[in-house]
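Student: Chain residues, written in single-letter form:
Protein chains: 2
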Amino acid sequence: MAKKNAFYAQSGGVTAVINASACGVIETARKHKDKIGKVYAGRNGIIGALTEDLIDTSKESAKAIAALRHTPSGAFGSCRYKMKSLEANKREYDRLIEVFAAHNIGYFFYNGGGDSADTCLKVSQLSQATGYPIQAIHVPKTVDNDLPITDNCPGFGSVAKYIAVSTREASFDVASMSKTSTKVFVLEVMGRHAGWIAAAGGLAASADCDLPIVILFPEVAFDQAAFLAKVKEKVEKYGYVSIVVSEGVHDASGKFLADQGLKDAFGHAQLGGVAPVIANLVRENLGYKYHWAVADYLQRAARHIASQSDVEQAYAMGKAAVKLALAGKNSVMPTVVRTSSKPYRWKVGEADLSRVANVEKMMPKNFITRDGFGITAKCREYLEPLIKGEDYPPYGKDGMPKYVQLKNVAVKKKLNDFEVK
Amino acid sequence: MAKKNAFYAQSGGVTAVINASACGVIETARKHKDKIGKVYAGRNGIIGALTEDLIDTSKESAKAIAALRHTPSGAFGSCRYKMKSLEANKREYDRLIEVFAAHNIGYFFYNGGGDSADTCLKVSQLSQATGYPIQAIHVPKTVDNDLPITDNCPGFGSVAKYIAVSTREASFDVASMSKTSTKVFVLEVMGRHAGWIAAAGGLAASADCDLPIVILFPEVAFDQAAFLAKVKEKVEKYGYVSIVVSEGVHDASGKFLADQGLKDAFGHAQLGGVAPVIANLVRENLGYKYHWAVADYLQRAARHIASQSDVEQAYAMGKAAVKLALAGKNSVMPTVVRTSSKPYRWKVGEADLSRVANVEKMMPKNFITRDGFGITAKCREYLEPLIKGEDYPPYGKDGMPKYVQLKNVAVKKKLNDFEVK
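Chains as they are written, first to last, in our numbering: chain P, 1 to 421; chain V, 1 to 421.
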């Protein structure tokens, strides 16, 4: 069999450690030059494959590739683009095969979440449908932690650590100010459908660090009276409270709290976050002074406070993907298999993509306390190992982290232009 | 002279390193037990002195006091309370002397910004006015970096590092997403009057890390047309842009941009931040997809990414305050004196409080680029040393920073109650 090249692409929202997976893929492929030729990366994800905009990663030094391990974001560019079914979109799948064939690509590594697992599954079926030999391996990544089978998703642990640490720090701050000033701090976090990230706010408090934390999960319909009573209870006991609110919190009718129909002085609709809505609610009903923050991209880009577990697993998933390819596998995804929580032990597993695509893993019900505002011991046991350890990037003399910006040299095009519709 | 006790209090908004100053004060005082008795801390700042709510720091172990160096927030509680002039508020100053006398307090260490320097100055004048011997020393602290004479203020360097690092990280993130999704990221930072913190966003880009950053300073009247043109220029060149906006940005008439008269569906006024206002402006006029974040307390509490320079200086200021007291000084503040920028060298200086109180240090005009949207080389030369070095807190096996919560044992009261009006 002639030596084939590999294609690698990043998909969807990026994370603090998706580049660590890229590093795992490329470094491992470089160790198997007898079997894998070059690794071509898609510029801006699958769009790069469709438009034949490939990046030749062999032009990057070993040092630059190694630096991907500590660089947040998607170094080759990502995209939000979900391919339709083979039947509905034959044109694009044909084009993929055309590009793969033109560049002798036999391995397809797709690094993303649920949507991209679905795309990867479809690509894996191209082999049979078209006769062109391609092995498609999905590399798990999502801050939402909602992929099934794998114990957790690379990207989540670092967001969780950021939210847990930031909530602890802000809680210390508001505690200091609460006598004469701010009594309530509200932090809005990501997670439209699942409360995994919000749950991480619960780690701010621990057996050796007593802090009042109230969590608003998207899994729990917002009950204003119960919420205000809980806030009042905490402030009366501690003098202050921190509220961690998921962007996806909604009421019993399904209406997002963030969607308050805000209008500015000119009558234009304004998109606000849910944090100011919660803060105003507290002030209007309880009269407490508040501060609020919206972490947004800061939470998923925060490589400076990445979890060591997360970085190691992200790298391991990239490495395992290449190993699976070398073993002749197709239509699979490496997974994290937890073998023990205390002490934390895990190993690399393997899942069929057909069991991964289009399945969303929700938080188990027994991870949320009965009152709906906190995390249970079971949840803590699950989360703690995922934020374990620190993996600091190197810093320059200027006090800034040394994140790599790749050269991203384009591979010479061989085909006609193709329009992505 | 009989050995006197010391009083220490934290004032105003807390920082990631104000406890490092407390650590410097207490550890240094403990080394001079022949001259300084106990260090009593005011519970919730000066309120604690007025209400005779004193904390006996001698009840804390050496280990707990050492841990203050890496613990953000104000460990004894802070307050927002500015004492009026001696003439207007004789009742409170008399009360202070009463409390000092009852607890044999001869040293007054006040850790805060401009307002507290003014209070400290007034306390320093009590000696002469009342005949009760008290030495008042101000310990500089403010994230706003607006105290005069001192080259910089402890607390600022760590916020600056947080903003610089976070802006770099978020810029990498939006760069990855910009092809098909988000092209503009807006980060709102603190600084109502002075743009020091916003300026730190400019450090995200550097000679070895090219990133498009647009800064909106409170010093520069907001010019919508010029701003939108700058955003467009950056997006057309780079594909994306990061905007760092100070909460204090206002138009030529002085109106804060954050003050947009937002109303919710029920007609209630909503307090939003300036970040969503800027983001909406960009979308409505240029059509770019955006994300926005408001760092709020996260920025000033972020001890996990504190600047080493900042931590060292905060500690040094606390230590120097005690040394000044031992040298018989009154009405002074230790300062940071920069002796060289490259390499960075500094020493401890001393300033008369009369020259510090009620003077606000603004950003020099030549720190802002002519177009009003960036920082100059001079500004960079000033800022870089202040974010130099990392000083990580210790972490537990649970992946969380080990911040100390003190016992804060109250000193037995000897006086009647006093009402703070």
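Read the hints as simulated data drawn from the structure, not as lab findings. Small disclaimer: the values here were computed from a predicted structure and weren't measured. Don't take every hint at face value.
Since the list can't tell identical chains apart, any single copy or any two copies may satisfy a pair.
Claimed, not checked - With a straight-line cut-off of 25 Å between C-alpha atoms, the simulated SDA-like cross-links for lysine to any residue are:
1. Lys255 with Gly374
2. Lys90 with Arg283
3. Lys402 with Gly389
4. Lys402 with Arg355
5. Lys90 with Gly254
6. Lys347 with Asp371
7. Lys402 with Glu390
8. Lys414 with Glu350
9. Lys397 with Cys209
10. Lys63 with Asp210
11. Lys397 with Tyr344
12. Lys31 with Val220
13. Lys82 with Ile47
14. Lys342 with Gly396
15. Lys59 with Lys237
16. Lys289 with Phe256
17. Lys82 with Glu381
18. Lys347 with Ala410
19. Lys237 with Glu350
20. Lys378 with Glu92
21. Lys90 with Lys365
22. Lys342 with Arg30
23. Lys289 with Pro148
24. Lys35 with Asp53
Student: Checking each numbered hint in turn, tell me which of them this model violates, lowest number first.
Tutor: Checked against the structure, the hints that fail are numbers 2, 4, 5, 6, 8, 12, 17, 18, 19, 20, 21, 22 and 23, while the rest are satisfied.
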